[in-house]
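> Residue strings, one per chain:
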Amino acid sequence: MAAADQPAVTGPVDAVPAVELHGITKRFPGVVANHDIDIVVQRGHVHAIVGENGAGKSTLMKTLYGMHKPDEGTIVVNGKQVTFSSPSDAIAAGIGMVHQHFMLADNLTVLENIVLGSEPTRGGVLDVRAAREKINDISTAYGLDIDPNELVETLGVGDRQRVEICKVLYRGARILILDEPTAVLVPQEVDELFANLRELKSEGLTVLFISHKLDEVLSVADEITVIRRGTTVRTVHPGEVTAHQLAELMVGSELPVPELRESTVTDIPELTVEHLTVRSEDGRAVVDDVSFVIHKGEIVGLAGVEGNGQAELVEAIMGLRPTESGRVQLGDRDISRWQTRERREGGIAYIPEDRHRQGLLLEAPLWENRMLGHQTQRPNVRGFWIDGAGAKKDTRRLIAEFDVRTPGIDVEAASLSGGNQQKFIVGREMSGSPTVLIASHPTRGVDVGAQAAIWEHLRDARAAGLAVLLISADLDELIGMSDTLRVILRGRLVEQVDPSSVTPKQLGAAMTGAGAPLEGSAAS
Amino acid sequence: MTVQDTSAPTATVRLDRVKPARRLGRGQLWLAALAGLMLLALVRVTTNANDITSGGTLGATIALGMPIALAGLGGLWSERSGVVNIGLEGMMILGTFFGADFAYFTHSPWMGVVGGIVGGFIGGIVHAVATVTFGVDQIVSGVAITILATGLARYLAGVFFTGQPGGGPTQSPAIPQFTRLRVPALDSFFGRIENHHWFLISDIAGLLRGLVTTLTPFTIVMALLFPLTWFLLWRTAFGLQLRSCGENPTAAETLGVGVYSRKYVAVIVSGILAGLGGAFLADFAGLYREGQTGGRGFIGLAAMIFGNWRPGGLVAGAGLFGYTDAVQSRGGAKSVHALLLLVAIIVLLVGLYALWRRRLATGSLAVVVAILVFIWYLLTKDVPIELVTYTPQILTLLVLALATQRLRMPAADGIPWRKGQGA
Amino acid sequence: MRDRLNRLALNVIAALLAGLFAAAVTSLILWARGDSPSFVISQMWHYGTQPSSEVTILNSATVYYLSALAVAIGFRMNLFNIGVDGQYRLAAMLAGAFGGAVALPTGLHQIAIIVVAMLVGASWAGLVAVLKVTRGVSEVISSIMLNFIATGLIAYLMRPTILGHRSGANDITTEPIPRSGQVPGVNLISSAGTKVYGLIFLAIGMGVLFHIVVNHTRFGFDLRATGRSSSAAQASGVSVKKMIVITLLLSGAMAGLVGMPALLGDSYSYSSITFQTGLGFTGIAIALLGRNNPIGIAFAAVLWAFLDQSAQILDINGIPKEIVQITQGVVVLSVVIAYELVRRAALARQQRRVGRALATVPAEMEGAPA
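Chains as they are written, first to last, in the numbering used here: chain G, 113 to 636; chain W, 8 to 430; chain Z, 3 to 372.
Honestly, the hints are just simulated from the structure, not real lab data. Glycine is no exception: its CB is placed at the ideal position from the N, C-alpha and C atoms. There may be inaccurate statements among the hints.
[What the hints assert, rightly or not] Among chain W residues calculated to face chain Z with C-beta under 8 Å, some are: (1) A137; (2) Y360; (3) L362; (4) W363.
[Stated by the list, open to error] DSBU-like mimics (lysine-lysine), calculated; alpha carbons at most 30 Å apart, straight line: (5) K408(G) x K181(G); (6) K341(W) x K192(G); (7) K341(W) x K181(G); (8) K426(W) x K388(W); (9) K192(G) x K181(G); (10) K617(G) x K325(G); (11) K197(Z) x K504(G).
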């Protein structure tokens with residue numbers, strides 16, 4: 113293991129660092145999530161903490177935010193040693209956190225979400241006016257542009273993030289932790305966020321910025337601490353390293369690159385969607401007259417800001433959601449009226465976007481999870497009966513072939529790491545020789561090794577002649593892994609772009625409906 | 008409550024979600040109430056079933072609706088904090104026993120109120136321990152509490168009431184009751200108008216006479232709990248925190264809100280309210296009787312669902328159930344028969360509205376049902392008395408079948424939550 | 003395998019601890035009233051183990067077992083059929099009326115009655131299913147309401163002018179079922195002098211069938227998958243709505259059987275006195291106690307029946323026999339808490355084991371492409 117360097121501290125800083133973490137160790141059942149963590153964060157800095165998924169960044173930040181106590185080590189804030197037993201203690205010490213998964217209650221207003229836990233009252237009554245004034249002040253001061261009276265459920269991703277930031281500022285936080293804040297943003301929104309961060313910095317606030325996107329980190333951070341396998345590897349300045357070197361520090365090798373090899377695209381349509389329209393319960397067209405074709409050996413990427421109909425489109429293709437009109441064709445068979453099970457039996461494999469909700473039975477052993485989605489097919493069943501022996505044997509094959517790290521097949525799915533769960537799902541879905549693969553966010557939240565493996569499996573599937581629909585919020589992944597790239601906006605396919613020439617920025621513009629149409633420029 | 012179809016696909020974050028159904032303004036509510044009363048008056052004049060708007064019936068509506076409303080209010084507290092409380096029935100049973108027990112042995116109806124609080128508290132704290140601390144499935148815990156409460160009340164009644172005059176394991180002796188606050192002059196004045204059976208005017212007089220003849224101090228104090236709940240839950244910091252636990256407890260936790268303590272308070276208050284509902288029943292009947300609650304805890308829950316997890320709505324729901332209960336218990340078969348006409352008219356209106364909104368399936372179904380009910384009304388003189396007894400339960404089913412889909416329960420309702428499980 | 007055995011052992015221990023806790027609470031209550039817990043227990047044990055009591059216990063356990071199986075079918079997919087009570091009574095009443103009205107050869111007659119009971123139970127539960135899948139109404143509330151409505155409907159149908167039959171001064175029953183439709187008892191405990199319901203074998207058969215269907219068939223897999231995660235089951239191709247309907251129909255059909263042992267083996271006609279309300283709720287308690295597992299339920303049913311029967315002796319000693327209802331209630335509540343704790347402990351243990359197992363193969367991890 114690389115020796116932990118002394119944090120190189122240079123530049124104009126206050127004498128007292130904002131945060132110092134020394135020798136932090138945190139254990140969970142069966143795993144040591146963090147050990148011997150040492151980080152010094154200077155006041156007024158944007159300090160990035162990088163590491164791959166599963167390296168222990170989030171655990172560390174939860175420790176700093178008082179959501180759990182470290183087993184060893186000390187936390188020093190503004191020169192004073194502290195122990196946090198709950199987030200309230202951290203909040204009182206001036207620390208605020210913007211979580212990766214937004215912590216907002218949809219059915220409450222922006223104002224209610226922001227003041228929750230630190231409500232201004234007047235004679236016991238919630239002082240809405242005072243709260244509104246304060247929020248508006250913060251919103252103006254930092255350019256957050258939020259309306260306190262709106263219901264959170266009506267907000268988009270970028271708005272929600274600004275509400276989260278406002279929430280933290282409302283509590284007077286001087287130290288902000290942002291956990292993977294750019295994961296769900298398009299490049300334009302990332303720029304806005306960075307502008308906000310610079311604003312905060314200029315006011316003397318300290319930002320801990322957690323990410324695994326190296327380019328972003330290099331552009332925004334004053335200092336970068338790399339975490340690998342639960343411990344700090346090194347702290348560097350952005351000027352003195354390249355993305356390449358950072359990756360080396362982060363995973364010990366180069367980062368895998370999402371890219372396709374020679375084209376395998378045929379002209380045989382395998383999945384054809386024609387004029388598909390899906391309405392939500394309140395009658396809005398969430399998928400609006402969508403048509404596309406995926407050929408054998410082709411990966412079609414679908415780009416869109418979260419919530420623009422991609423989830424509904426996938427569910428409609430899988431038969432999980434009723435469609436209003438249009439048709440779905442598998443090969444030359446019209447499957448519009450088929451049940452989900454028939455579609456799966458017909459050869460559609462499905463990697464769902466939320467593996468815990470839709471991909472796994474968390475409290476069932478792996479071999480039963482192997483049957484899921486294939487519970488009508490050999491080797492899992494024989495006619496009417498479950499074939500436990502067959503399913504178990506095939507599960508052993510699967511974990512060997514797809515490199516799922518598990519002590520056995522009787523282990524419950526919940527016990528595996530995210531990357532291994534996802535590899536398991538990919539392996540399962542590739543079983544039984546499918547002809548179409550619907551992959552929703554296949555590498556979300558998995559470690560670099562699993563990411564590389566999953567990309568390789570996607571390439572293999574393409575080479576084997578599968579028609580693949582790829583949905584992702586990671587624009588590099590989309591651009592690198594797609595033969596054809598479509599953009600969905602408010603339920604409509606608005607553009608087709610050429611993945612070989614489009615930049616993430618251009619794609620981001622298309623996804624938000626800003627910017628000039630790319631069709632002519634990029635595709636030709 | 009697990010009222011929503013759990014199989015429904017994920018609701019993802021949307022950019023431009025349509026706002027949920029807007030709530031009615033105060034004026035519109037008064038208008039709706041007036042329209043309802045006019046419809047009732049019309050049905051009364053048509054059918055000659057004068058009891059359906061008599062002072063007696065409306066007075067009984069208050070008395071019978073109050074326990075349901077209190078149980079519903081209990082459900083509201085609990086579910087707003089994210090804990091489904093199907094054990095309301097059991098807590099209510101404890102309320103009836105303890106209410107009667109305290110009132111009888113202290114010779115004071117006010118001590119009966121205290122007894123209701125004690126009984127409900129016991130049930131509430133058990134549910135809180137099981138669901139909040141131990142994370143047991145909330146419906147399982149609620150059912151278990153109801154089973155336990157039934158046994159406990161039966162045992163304690165055997166211990167305390169056996170040997171008392173008229174008492175035994177299934178029944179208490181007569182207990183001291185609250186006296187009704189009567190205003191004799193108004194009573195006879197409204198009574199005279201009522202007896203003229205004028206359209207609308209007599210009906211309003213009946214309503215007023217019901218009000219001035221049935222109120223007790225207990226009723227008045229209980230009635231105050233509804234606006235008080237609204238104030239506490241929607242206008243104070245504590246209320247916001249409590250509701251946030253029902254919407255997104257992990258978010259609340261990350262802001263330093265003590266989720267467990269809020270849920271504990273909510274579930275215990277929930278139990279107390281159900282217990283008060285039980286004490287109210289015992290006071291109204293003048294004794295404790297086994298099976299006295301008769302599923303009112305569950306009906307209260309239905310009233311809360313009907314009221315979309317809001318105090319005003321649940322009062323309306325409880326009023327509806329209390330009214331049907333009053334009509335069936337006083338007028339019996341004839342009045343309920345008259346209500347068939349009312350049901351036919353309302354379902355027809357609902358159906359026509361649905362047709363107008365182009366919801367053809369729902370609309371035509373409703374119209375057909377309306378016609379069938381109308382035919383039933385025409386062809387019969389009364390409704391089987393055995394079924395009439397269960398009018399509130401039948402109505403509960405109908406109301407839920409018509410209303411459930413448009414409702415919005417707290418987002419984290421019914422989901423066991425543990426500290427530090429946040430992503 | 004080791005995990006499963008461990009978990010089984012843990013569950014048994016949890017159930018025993020819950021039982022001890024309930025006994026302690028009961029003792030405390032007895033003691034508070036000035037009764038001696040040890041005296042009560044020895045009295046109950048003595049009375050409950052007499053041959054005639056044993057027959058009664060087996061008979062009650064048969065009925066409880068069927069009721070709990072009916073509940074358990076729903077529980078296995080997170081569906082709460084609280085309506086077993088109404089389903090069973092309506093089924094017993096209509097099947098009784100049917101059995102008394104038709105003349106069929108022995109063998110066919112019994113089967114016909116049982117089939118009618120299952121159909122009635124299934125239809126009453128079917129209402130719950132329809133309301134749930136088409137209108138989104140919680141099965142908990144609708145099935146409770148249907149229990150009440152069943153009571154009213156039965157009272158109406160039992161009018162002498164409809165299906166009722168006046169037997170004796172005030173007793174109204176259905177027309178008695180002739181000998182060709184009766185199921186004779188079996189002499190399992192010879193010294194008792196009374197016989198055990200012949201349909202005890204039907205109950206055992208149903209338990210076996212339950213086990214096979216739930217654990218070894220495709221349908222059973224879908225059922226369990228839906229119970230563990232309806233969203234994952236749906237994505238895997240299970241039609242959750244269809245499963246809800248089928249499961250509630252099966253649960254209702256099983257509920258229809260609950261009244262059969264007594265109807266065909268003892269009373270031969272339906273009356274609201276013999277077929278009391280509450281059996282469905284007992285079924286819920288026993289299903290919870292037995293962890294929705296046919297063998298666990300069998301133990302729970304016998305325990306429950308033993309408590310019921312042995313408590314009969316208490317009134318003679320001036321102790322309210324309702325004390326056992328407290329025992330039963332506390333057992334159920336503490337056992338669900340104990341099972342939940344076991345579930346958590348087992349999961350944490352497994353995660354630790356997985357962590358250890360993977361940490362012991364670091365070479366493999368280092369060697370893998372990172």
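> So which of those numbered hints doesn't the model satisfy?
2, 3, 4, 5, 6, 7, 8 and 11
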